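Just so you know, the protein sequences line up as chains G and B, in that order.
Each residue of the first sequence is one higher than the last, beginning at 28 in our numbering.
Each residue of the second sequence is one higher than the last, beginning at 93 in our numbering.
For the record, the hints were derived by calculation from the structure and aren't laboratory data.
A quick note: this is a predicted structure, and the numbers were derived from the prediction, not measured.
Just so you know, even glycine gets a beta-carbon here, dropped at the ideal spot from N, CA and C.
Warning: the hint list may mix true and false statements.
[Said to hold, decoys possible] Stretches of chain B that chain G covers, calculated by requiring three or more beta carbons in the stretch to come under 8 Å of a beta carbon on chain G:
1) 101-113
2) 156-162
3) 169-181
4) 185-196
5) 216-227
6) 236-246
[Unchecked claim] In silico SDA-like cross-links for lysine to any residue, where the CA-CA straight-line distance does not exceed 25 Å:
7) G:K115 x B:N248
8) G:K446 x G:E195
9) G:K260 x G:R196
10) G:K43 x B:L237
11) G:K114 x B:L237
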Amino acid sequence: MGMTITEKIIAAHAGKERVFPGELVQVTVDVMLANDITAPLSIKELEKRGITTIPYPERIVLVADHNTPARDIPSAENVKLMREFAKKHGIPHFFEGGAVGIEHVLLPELGLVVPGDLVIGADSHTCTYGALGAFATGMGSTDLAASWVLGETWLRVPESLKFVLSGERRPFVTGKDLILFIIGEIGVDGARYCAMEFAGPVVSSLSMDERFTMTNMAIEAGAKNGIIAPDEKTLAYVRETGTSRPVRVFTSDPDAEWKNVFEIDVTSIEPQVAFPHLPSNTRSVYGIPKIEIDQVVIGSCTNGRIEDLRMAAAVLRGRKVHPKVRLLIFPGSPKVLRQAEEEGLIRVFLEAGGVIAPPSCGPCLGGHLGVLASFERCAATTNRNFIGRMGHETSEVYLVNPYVAASSAVAGYITAPDKL
Amino acid sequence: MIRGKAVVFGDNVDTDVIIPARYLTSTDPKELARHCMEGLDPQFPERVTPGATILVAGKNFGCGSSREHAPLAIKGCGVVAVIAASFARIFFRNAINIGLPILESEEAASRIREGDMVSIDLATGEIRNETTGEVFQAQAFPPFLQEIIAAGGLMNLVEKRVKANS
Ligand code: SF4
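Make the full structure from the sequences, and use the hints.
Here is the structure:
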């Protein structure tokens, strides 16, 4: 019996020939990530106990992307705590100010994560890095604190689910729609504790940016990780980062054991809208009633990459944002922002009447930079539409792809570009 | 033995309603507790009798973010244990790591009603509804996790390891 890619990466980090689903293993960790919400808890936990041994500072990554530029004094204190901790322990990968971007956009772009890595992060969307053929999963602050001291962590080897995507994609159907469709099919706990592996000709045809969007939202189905086997596109992407980290390519064996295999023909999938208050409440954009909106957010670790901004700009070029809608655009990283500027996308957004916000999480989690008032509605390219996620508990978030977000900003209600 | 009155919630209680992100600049359990479950029931902290309340919920409890502030807020309210039909995996780890007892039992989650007096034996995983006399069996933790719980959380274990090595 063969192994899945997930099992192979875990086995390689557990020093074992093979591992089996359900097994608890100790693994070494290549990258250990935390942000300005989760790192302070980890740091305080270590300092409270007087633990000062941080043996692998180069494996730690600290990104101040959530409540930054500092939203208030406590947020500023949290970043200060991270900065001082990084300095004290010689942690080279600490990002703030002009270096900061959304962690899950930033790390792949900088070559800090490479194929074959085992990554843990005190952020649930750490699963994003699976698009590189790495095993990456979210944990809590205490888990991270422990791993910073030990260089390892414990894991339960997940069962693997395989999603084989084939067929022809319709216009305006992106990686976002494919993953929303899958979550709509299996539900928000449909992959609980499992690995989701995406494969098939449609996945091969996706760009890296769209693959990141898919693995990013594996957590929204309850998965431990999302993963895509590396191919030429992956390796080209990694080469371009100029990273010196060693790449290890793993793929699932033909006789690997799957808990379930889903064969999905994408031909009939239309652009998706996930209605409040669950990412699984998905519908086709063509079959929904008129939903008027107050705000549109384009960005986040799901859809804040250059291709996402290109999609949005393609719709907004020569058009104006509806007068009662606020359009907020959050490029995912300084590199994405620079590239968007060079390609003239920023100008398109400004001329349409959009607001360009600093590379950061922004209102995605309802902290600052564009939170919603009571009963306001937002179409967003983000990943969660839970009650109160983006502001007041009576506000509503509709999850969409960048094309639909842009066309909705123009129309004033949720719609697709071909209906403008 | 843990004992408390049940406070009951439904399926898919996510971390954004357990503790909204706007309060995450604090790491103090008492401060977090003031806003616990705010999105679902702003009166929640008043429904809790500190030290004598057990939270009971449906499937996928704690889904969403990795914020450890969620179990901390629940613990900070004075909830002594959580019983759910199932837990989201990051919440499951976080709760164990910070020493909030949690038990998974579909039957208990569906049969226990608001206000029932419930007792739990963590060593055996037995859940008893004292109000109705029903008894449920939750899955026992694997030995490795029992070790973390017995140590009073993951960091106690790590601290022991570090100090033994130095
Ligand atoms: S963009 Fe949103 S989902 Fe992504 S890391 Fe930031 S807050 Fe979390």
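Do the hints match the structure? See the list:
| no. | hint | in the structure |
| --- | --- | --- |
| 1 | 101-113 | holds (count 6) |
| 2 | 156-162 | holds (count 6) |
| 3 | 169-181 | holds (count 3) |
| 4 | 185-196 | holds (count 4) |
| 5 | 216-227 | violated (count 0) |
| 6 | 236-246 | holds (count 3) |
| 7 | G:K115 x B:N248 | holds (23 Å) |
| 8 | G:K446 x G:E195 | holds (21 Å) |
| 9 | G:K260 x G:R196 | holds (19 Å) |
| 10 | G:K43 x B:L237 | holds (21 Å) |
| 11 | G:K114 x B:L237 | violated (34 Å) |
In this structure, the hints that do not hold are numbers 5 and 11, in rising order.
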